[in-house]
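J.: The lines below spell out each chain.
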Amino acid sequence: DIQMTQSPSFLSASVGDRVTINCKASQNINRYLNWYQQKLGEAPKLLIYNANSLQTGIPSRFSGSGSGTDFTLTISSLQPEDVATYFCLQHNSWPTFGAGTKLELK
Amino acid sequence: QVQLKESGPGLVQPSQTLSLTCTVSGFSLTSNSVHWVRQPPGKGLEWVGAIWSGGSTDYNSALKSRLSISRDTSKSQVFLKMNSLQTEDTAIYFCTRSGVRVMDAWGQGASVTVSS
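From first to last, the protein sequence lines stand for chains A and B. Going by the numbering used here, the residue at position 11 of the first sequence is 11; the numbering climbs one at a time, nothing skipped. Going by the numbering used here, the residue at position 15 of the second sequence is 15; the numbering climbs one at a time, nothing skipped.
Calculated from the structure, these hints are not laboratory results. Treat the hints loosely; a few may be bogus.
Selected chain A positions facing chain B (in silico; Cβ < 10 Å) [claimed, not checked]: (1) Y36; (2) N50; (3) G100.
Backbone N, C-alpha and C define an ideal beta-carbon position, used for all residues, glycine too.
Isolated chain A (complex conformation) (with noise of 0.2 Å):
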């Protein structure tokens, strides 16, 4: 199994900074990789597929970025309804998830 190791695994920031969450697979997975956002209690939201591309509603300020082994997930403002957990996901073979991070504001 592919194994995805996400960082940091807690982040606290201020509205307005830019954030980045990273994940690293243990092998090269091309772009297969998406970004979620999860808030307590809802379902998983998806913002980024394969590495780079903007899911449909979701606000410019998130981007994705990497391909390979490495990649990052960048809010360029932060904005208080961005409090969540985030996770990235490999699909280049069976699924795995990265840990998670959960982002607050200071």
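Given the coordinates of chain A, assemble chain B onto it according to the supplied hints.
T.: Here is chain B on its own, set in the frame of chain A:
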């Protein structure tokens, strides 16, 4: 509007069988796949298995011997059955759709506790 909704018993006794249903709307099961994903308390997400648009299935190798996924396309429902449940199977179980995009829509999840 694409929707998925999980349903099933909240409590299952150890060694018993878990049966969950995912009822979908807004898309066809014959042109999309449905995956099951679970999240134990305080832990990360784990892929459980999938039923593909053609009806074939794939399972997490660690769960394969205990797992069955099936569907009723006429009712727009996907079923998960897992036997010999243990406390480690306590989790929130999600169903999620894959079509043009992988896992682009998710249900709210069904909480399952394995306890006597």
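J.: Honestly, which of those hints from before does the structure not fit?
T.: none
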